[in-house]
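Using the sequences and the hints given, assemble the complete structure.
Number of protein chains: 2
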Amino acid sequence: MAQEIIYTNLVIEAIDDLVASLGTPSVYVIVDVNTAKFVLPILQSQSEAVKNAEIITVLAGDVNKGPDALQKVWKELSDKGATRKSVVINVGGGMITDLGGFAAATFKRGVRFINLPTTLLGAVDAAVGGKTGINFNGLKNEIGAFQDAVAVIISTLFFNTLPMQQMLSGYAEMLKHGLLDDKATLAELMRYNIENPPATPDLLLHLIEKSVGIKQAVVASDPHENGARKTLNLGHTVGHAFESFAMDVEHSPIPHGYAVAWGMVVELILSHMKLGFPSDTLHQFAQYIKEHYGYFQITCEQYPQLLQLMAHDKKNDTPEHIVFTLLKDVGQPVIDQTATADEIKSALDIYRDLIQ
Amino acid sequence: MAQEIIYTNLVIEAIDDLVASLGTPSVYVIVDVNTAKFVLPILQSQSEAVKNAEIITVLAGDVNKGPDALQKVWKELSDKGATRKSVVINVGGGMITDLGGFAAATFKRGVRFINLPTTLLGAVDAAVGGKTGINFNGLKNEIGAFQDAVAVIISTLFFNTLPMQQMLSGYAEMLKHGLLDDKATLAELMRYNIENPPATPDLLLHLIEKSVGIKQAVVASDPHENGARKTLNLGHTVGHAFESFAMDVEHSPIPHGYAVAWGMVVELILSHMKLGFPSDTLHQFAQYIKEHYGYFQITCEQYPQLLQLMAHDKKNDTPEHIVFTLLKDVGQPVIDQTATADEIKSALDIYRDLIQ
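Protein chains in written order, with the working numbering: chain A, 1 to 356; chain B, 357 to 712.
Be a bit skeptical, because a hint or two may be false.
Covered stretches of chain A, going by a simulated chain B footprint (3 or more residues, C-beta under 8 Å) [what the hints assert, rightly or not]:
{"#": "1", "stretch": "69–80"}
{"#": "2", "stretch": "103–112"}
{"#": "3", "stretch": "135–141"}
{"#": "4", "stretch": "144–152"}
Think about it this way: if two alpha-carbon atoms lie no more than 25 Å apart in a straight line, the pair counts; the simulated SDA-like pairs of lysine to any residue are [to be verified]:
{"#": "5", "chain 1": "A", "residue 1": "75", "chain 2": "A", "residue 2": "55"}
{"#": "6", "chain 1": "A", "residue 1": "85", "chain 2": "B", "residue 2": "585"}
{"#": "7", "chain 1": "B", "residue 1": "441", "chain 2": "A", "residue 2": "334"}
{"#": "8", "chain 1": "A", "residue 1": "72", "chain 2": "B", "residue 2": "420"}
{"#": "9", "chain 1": "A", "residue 1": "230", "chain 2": "B", "residue 2": "437"}
{"#": "10", "chain 1": "B", "residue 1": "496", "chain 2": "A", "residue 2": "145"}
{"#": "11", "chain 1": "B", "residue 1": "428", "chain 2": "A", "residue 2": "63"}
{"#": "12", "chain 1": "B", "residue 1": "436", "chain 2": "A", "residue 2": "138"}
{"#": "13", "chain 1": "B", "residue 1": "436", "chain 2": "A", "residue 2": "305"}
{"#": "14", "chain 1": "A", "residue 1": "85", "chain 2": "B", "residue 2": "664"}
{"#": "15", "chain 1": "A", "residue 1": "230", "chain 2": "B", "residue 2": "382"}
{"#": "16", "chain 1": "A", "residue 1": "85", "chain 2": "B", "residue 2": "693"}
{"#": "17", "chain 1": "A", "residue 1": "140", "chain 2": "B", "residue 2": "440"}
{"#": "18", "chain 1": "B", "residue 1": "441", "chain 2": "B", "residue 2": "376"}
{"#": "19", "chain 1": "A", "residue 1": "230", "chain 2": "B", "residue 2": "434"}
{"#": "20", "chain 1": "A", "residue 1": "85", "chain 2": "B", "residue 2": "576"}
{"#": "21", "chain 1": "A", "residue 1": "75", "chain 2": "B", "residue 2": "415"}
{"#": "22", "chain 1": "B", "residue 1": "431", "chain 2": "A", "residue 2": "248"}
{"#": "23", "chain 1": "A", "residue 1": "80", "chain 2": "B", "residue 2": "677"}
{"#": "24", "chain 1": "A", "residue 1": "75", "chain 2": "B", "residue 2": "423"}
{"#": "25", "chain 1": "A", "residue 1": "230", "chain 2": "B", "residue 2": "381"}
{"#": "26", "chain 1": "A", "residue 1": "75", "chain 2": "B", "residue 2": "427"}
{"#": "27", "chain 1": "B", "residue 1": "436", "chain 2": "B", "residue 2": "411"}
{"#": "28", "chain 1": "A", "residue 1": "230", "chain 2": "A", "residue 2": "62"}
{"#": "29", "chain 1": "A", "residue 1": "80", "chain 2": "B", "residue 2": "665"}
{"#": "30", "chain 1": "B", "residue 1": "441", "chain 2": "A", "residue 2": "227"}
{"#": "31", "chain 1": "B", "residue 1": "441", "chain 2": "A", "residue 2": "309"}
Here chain A is said to cover these stretches of chain B; the calculated rule only asks that three of the stretch's residues, wherever they fall, bring their Cβ under 8 Å from a Cβ of chain A [claimed, not checked]:
{"#": "32", "stretch": "423–437"}
{"#": "33", "stretch": "461–470"}
{"#": "34", "stretch": "495–508"}
Note that these hints are calculated values from the structure, not bench results. From the three backbone atoms N, C-alpha and C, an ideal C-beta is built for every residue, glycine too.
Written out as structure tokens, the structure is:
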């Protein structure tokens with residue numbers, strides 16, 4: 001079943017039209033404690049479908065995206081009489097669309113679900129691509145399934161409740177899609193000031209639509225992540241290492257999107273070293289990241305630990321081969337690129353010079 | 357990915373060839389305490405693939421096919437280092453192929469699995485059709501996924517460790533496929549004496565192959581159970597009611613296949629009443645069931661309870677419409693047939709006369 005993506009700020013109409021078209025006897029809305037407070041009341045007061053729906057609330061945050069929350073959702077769906085014809089609406093960030101999507105994909109061997117991402121990161125990233133799942137045994141998304149929503153409703157309506165840090169975190173994924181697409185798209189994104197946006201909210205919706213379109217095209221060509229989809233890992237090999245290092249070693253977590261932003265700078269440096277990525281574009285991009293995201297502090301004493309974290313990334317089967325997606329130029333990704341420890345250390349040196 | 361079905365009593369060769377062809381770095385074998393004792397040692401001593409595999413053992417029986425066993429399998433796969441390229445081999449009855457299949461389908465969003473059913477029912481029924489899952493919240497298969505194995509190895513090699521009751525239980529599903537297929541198939545099945553089989557074991561393997569082929573053709577035409585696949589519910593509306601009644605009311609469980617055998621007799625009577633199913637075939641079939649399965653005792657005082665159980669079967673959305681698959685003749689099923697309470701009571705009366 002093809003997944004429909006609806007870009008609109010008329011969210012209520014979109015939900016009610018969708019639910020009516022699905023001809024379902026019953027609707028179940030999954031929220032976390034935040035969206036229960038900030039988003040659900042708006043939907044309940046205005047949407048016929050949500051007004052009559054059963055509500056399932058879970059704790060917020062990735063730390064709660066585990067088997068306990070999964071069983072809670074399964075149990076409430078079961079107790080509240082959901083059938084194979086029911087529809088689940090996931091209202092929240094990536095945590096809710098991952099968890100709720102997986103619960104729906106496995107309840108009675110699969111009920112239909114709609115995603116209503118309420119964060120920029122969720123809109124751009126987690127709501128498209130068919131990835132659902134939970135963290136398990138201390139590992140992110142260790143358990144899950146590939147299952148598309150019947151529809152994803154993308155809106156900027158609920159972003160005003162988000163802290164700027166979370167907006168910037170989502171915007172990093174959009175910058176990544178710009179790097180994968182072409183120079184015009186990247187330039188358009190770098191002209192838009194997410195920290196001080198113009199008064200036209202539709203411009204952001206337009207940028208999101210373009211960004212999701214880029215991801216969709218990649219995912220459609222490779223639904224099970226065997227080839228082209230690896231291009232979406234740009235920035236993530238180094239980014240994940242920064243994220244884990246901040247969390248586990250420094251005990252001072254950084255937002256995922258920030259880690260990816262800094263990771264992209266390092267990986268563009270590697271791209272320049274190994275594939276001739278243009279120096280001027282690298283410098284402009286690094287400058288943009290420095291201005292908006294600041295700098296993730298590392299020292300050369302920490303390189304061995306960072307290299308070890310890169311080697312343990314789940315995309316890497318063997319520690320000898322740390323695999324990256326690199327760019328020959330904007331819009332020209334090359335997957336399955338390896339780099340030696342010395343090359344990576346040089347890139348980290350240059351990163352520190354560039355944006356410190 | 358198409359599911360391969362291999363009918364062979366050269367099980368060791370089949371496993372080793374399959375695993376070699378899958379080019380996998382690691383194999384995980386899921387067994388219950390029974391197959392760990394009776395089947396696993398044979399495989400470990402002779403199969404290269406199983407010799408080097410990690411073994412995951414769970415408690416036996418449908419009562420243990422729940423979220424705890426699921427988490428145990430997930431955890432051991434995770435702890436023992438299974439990757440997306442690993443292969444899981446499920447060795448056991450339907451409980452193991454359901455549980456292990458679901459665990460594999462959801463571990464890291466899906467690893468490949470091979471089913472080696474060790475019971476007749478598992479070989480005929482549970483190993484084909486892509487249904488995986490667990491019981492949850494007191495409901496059978498409440499949680500699960502549609503996911504084919506890469507291969508199912510069907511063999512009669514391990515049946516000699518099974519009690520006759522379990523063989524007969526599996527054989528009832530084969531009789532059902534005979535009723536759905538044609539007169540020649542049904543006659544062949546009714547000639548074969550499962551309780552006193554001829555000395556040619558390959559004859560049973562041949563009958564299983566034919567039976568699975570019938571189910572495969574139905575499932576292939578309707579993978580998500582929206583239409584033709586409902587024909588496979590023949591005998592099950594009444595059968596499930598008998599099974600639940602024996603379990604929950606009389607506290608004296610009966611094997612699933614026995615319940616289906618008696619359920620088929622009642623539903624053939626309904627077929628005769630409503631669609632003109634031939635009387636002589638009905639009598640021959642009832643006689644066969646009486647001889648091999650005996651009689652499930654019911655009284656007319658119990659009819660209201662039995663009707664209520666039929667109305668609560670998961671295939672029925674509303675209690676007013678109890679839905680059956682009935683037959684115009686052998687090989688001519690008609691789905692979505694309803695019957696009134698009076699008609700069902702008459703059929704139960706005739707059932708008692710026929711095989712008491």
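Verification of the hints:
no. : hint          : result
1   : 69–80         : holds (count 5)
2   : 103–112       : holds (count 6)
3   : 135–141       : holds (count 4)
4   : 144–152       : holds (count 3)
5   : A:75 - A:55   : 13 Å, holds
6   : A:85 - B:585  : 17 Å, holds
7   : B:441 - A:334 : 23 Å, holds
8   : A:72 - B:420  : 20 Å, holds
9   : A:230 - B:437 : 22 Å, holds
10  : B:496 - A:145 : 21 Å, holds
11  : B:428 - A:63  : 20 Å, holds
12  : B:436 - A:138 : 14 Å, holds
13  : B:436 - A:305 : 24 Å, holds
14  : A:85 - B:664  : 22 Å, holds
15  : A:230 - B:382 : 23 Å, holds
16  : A:85 - B:693  : 20 Å, holds
17  : A:140 - B:440 : 14 Å, holds
18  : B:441 - B:376 : 13 Å, holds
19  : A:230 - B:434 : 23 Å, holds
20  : A:85 - B:576  : 22 Å, holds
21  : A:75 - B:415  : 23 Å, holds
22  : B:431 - A:248 : 22 Å, holds
23  : A:80 - B:677  : 22 Å, holds
24  : A:75 - B:423  : 11 Å, holds
25  : A:230 - B:381 : 21 Å, holds
26  : A:75 - B:427  : 16 Å, holds
27  : B:436 - B:411 : 10 Å, holds
28  : A:230 - A:62  : 23 Å, holds
29  : A:80 - B:665  : 20 Å, holds
30  : B:441 - A:227 : 15 Å, holds
31  : B:441 - A:309 : 21 Å, holds
32  : 423–437       : holds (count 6)
33  : 461–470       : holds (count 6)
34  : 495–508       : holds (count 7)
Of the numbered hints listed earlier, not one is contradicted by the structure.
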